[in-house]
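Q: Sequence:
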Amino acid sequence: MKKLLLLLFMFAGLNLFGQSENFEGATFPPTGWTQFESGTGLPAGPSWSETSVGAFTYLGVGKSATITRENVATGQAIDWLVTNQITVPANGQIRFYAKTVQTGVQGGTFEIRISNASQTNPADFTNIITYTESTLTAVVNVYEEKVIDIPATYPPGSQIYIAFVMSNDNGENRWCLDNVNVVEKCNAPTGPLLTSLESTTSAQLSWGSPAGVTLFDVQVCPLADTFGGPSTITYTGVTNPFIATGLAANTLYKFQVRSVCVSGFPSDWFGPRNFQTASFGDTCAGPIVVGALPYQTIDNTANYLDTNDVAQPLACSSTATNYMAGNDVFYAFTPTVTGNYIFNLAPTNASSSLHVYSQCPVAGMPATSCLGGVANPGTTPRNIVLN
Numbered sequence: 032m033k034k035l036l037l038l039l040f041m042f043a044g045l046n047l048f049g050q051s052e053n054f055e056g057a058t059f060p061p062t063g064w065t066q067f068e069s070g071t072g073l074p075a076g077p078s079w080s081e082t083s084v085g086a087f088t089y090l091g092v093g094k095s096a097t098i099t100r101e102n103v104a105t106g107q108a109i110d111w112l113v114t115n116q117i118t119v120p121a122n123g124q125i126r127f128y129a130k131t132v133q134t135g136v137q138g139g140t141f142e143i144r145i146s147n148a149s150q151t152n153p154a155d156f157t158n159i160i161t162y163t164e165s166t167l168t169a170v171v172n173v174y175e176e177k178v179i180d181i182p183a184t185y186p187p188g189s190q191i192y193i194a195f196v197m198s199n200d201n202g203e204n205r206w207c208l209d210n211v212n213v214v215e216k217c218n219a220p221t222g223p224l225l226t227s228l229e230s231t232t233s234a235q236l237s238w239g240s241p242a243g244v245t246l247f248d249v250q251v252c253p254l255a256d257t258f259g260g261p262s263t264i265t266y267t268g269v270t271n272p273f274i275a276t277g278l279a280a281n282t283l284y285k286f287q288v289r290s291v292c293v294s295g296f297p298s299d300w301f302g303p304r305n306f307q308t309a310s311f312g313d314t315c316a317g318p319i320v321v322g323a324l325p326y327q328t329i330d331n332t333a334n335y336l337d338t339n340d341v342a343q344p345l346a347c348s349s350t351a352t353n354y355m356a357g358n359d360v361f362y363a364f365t366p367t368v369t370g371n372y373i374f375n376l377a378p379t380n381a382s383s384s385l386h387v388y389s390q391c392p393v394a395g396m397p398a399t400s401c402l403g404g405v406a407n408p409g410t411t412p413r414n415i416v417l418n
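Residue numbers for the sequence shown follow the numbering used here, so the first one is 32 and each next one is one higher.
Worth flagging that the hints you see were computed from the coordinates, not collected in a lab. A hint or two may mislead.
Derived pair list, reagent style SDA-like, types lysine to any residue, alpha-carbon separation capped at 20 Å [as the list claims (entries may be wrong)]: (1) Lys216 with Val291; (2) Lys216 with Asp299; (3) Lys216 with Ala121; (4) Lys177 with Ser227; (5) Lys94 with Gln107; (6) Lys285 with Phe296; (7) Lys216 with Thr267; (8) Lys94 with Gly56; (9) Lys285 with Lys177; (10) Lys285 with Asn271; (11) Lys177 with Ile159; (12) Lys285 with Leu228; (13) Lys216 with Gly302; (14) Lys285 with Gly222; (15) Lys94 with Thr267; (16) Lys177 with Asn158; (17) Lys285 with Lys216.
With the hints as extra help, turn the sequences into a complete structure.
A: Now the structure itself:
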């Protein structure tokens with residue numbers, strides 16, 4: 032039905048290396064699981080159950096586990112939902128989706144505990160993390176995946192029970208739970224994080240790939256923003272290297288990347304790395320577009336990059352010196368009427384050049400692609416007239 036993930040299981044006796052439970056079975060608690068209460072709250076009795084109410088289920092479909100709000104007249108209610116016995120995998124990790132329903136802090140706590148002895152004796156369990164309403168999820172009434180590394184005190188191959196424990200004293204929040212998985216942790220990408228081929232709208236991103244990992248998720252956002260916010264662009268299931276598109280020109284960005292393992296589960300995010308997209312004019316592919324004439328601008332090549340050092344054809348400016356070396360500024364102009372067009376450069380420093388091409392300059396291009404050029408070590412104005 033919903034939420035099923037393919038996992039590779041290895042058998043050891045009757046126990047599985049890995050556990051997946053989405054509460055879609057015919058019985059609750061699921062086979063091998065148990066629930067009980069250890070508190071002093073009255074009225075007594077466990078309150079974990081399954082629900083198919085769309086407002087409480089993950090993605091609004093199927094079934095999820097939930098513990099209803101309890102009006103405890105006296106004492107403290109402590110309700111336990113405990114897994115069957117699980118064999119800890121290498122680099123074991125607990126993953127599940129959870130949410131609360133009511134807004135505000137009601138005073139309940141949500142704990143994840145582990146036992147390597149009994150399934151039903153509270154004294155055998157060790158608390159590994161505690162959540163409150165304010166720390167369980169970032170947004171109330173929205174499921175969020177929680178990821179917990181199994182402590183080294185429970186090494187691979189050991190047998191454990193995992194308990195989901197809610198404590199409250201009078202009517203605290205409803206806790207909804209789904210997609211409980213115990214899996215081998217997915218290895219994160221490694222450094223170095225690199226960027227290249229920055230254009231006005233894209234950049235190539237690359238990283239070190241862990242063994243056996245071929246797919247990755249990438250997030251890109253402006254440098255001053257936080258990942259996951261409205262400005263974040265998320266690319267899923269990509270390969271390494273990857274071209275990030277849809278970016279803005281002359282903008283500082285950062286990116287982070289995570290592995291997506293064959294189990295379908297991702298690693299932790301790795302990064303970030305900062306980069307900047309090209310300005311218009313940095314590259315021939317992203318030129319400054321000249322519109323209506325006359326056109327005039329005052330600028331400095333120091334504001335741009337050195338992205339093209341292909342020497343101009345000898346016949347273009349009558350010199351073998353490569354005046355394309357150094358920072359360049361590219362402009363694009365498309366004539367709309369037939370006539371003479373005047374191109375003028377008034378340099379403030381020596382050894383500048385002005386070239387007009389019919390295509391982007393590339394190695395081996397025809398000499399005729401350079402329609403005109405002026406280049407010399409002086410500082411006199413460069414003028415080209417074309418028709």
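Q: Now tell me if each hint is right for this structure.
A: Do the hints match the structure? See the list:
no., hint, result
1, Lys216 with Val291, "11 Å, holds"
2, Lys216 with Asp299, "9 Å, holds"
3, Lys216 with Ala121, "8 Å, holds"
4, Lys177 with Ser227, "34 Å, violated"
5, Lys94 with Gln107, "28 Å, violated"
6, Lys285 with Phe296, "24 Å, violated"
7, Lys216 with Thr267, "19 Å, holds"
8, Lys94 with Gly56, "9 Å, holds"
9, Lys285 with Lys177, "25 Å, violated"
10, Lys285 with Asn271, "17 Å, holds"
11, Lys177 with Ile159, "13 Å, holds"
12, Lys285 with Leu228, "15 Å, holds"
13, Lys216 with Gly302, "18 Å, holds"
14, Lys285 with Gly222, "15 Å, holds"
15, Lys94 with Thr267, "27 Å, violated"
16, Lys177 with Asn158, "16 Å, holds"
17, Lys285 with Lys216, "25 Å, violated"
The structure is inconsistent with the numbered hints 4, 5, 6, 9, 15 and 17, although it conforms to all the rest.
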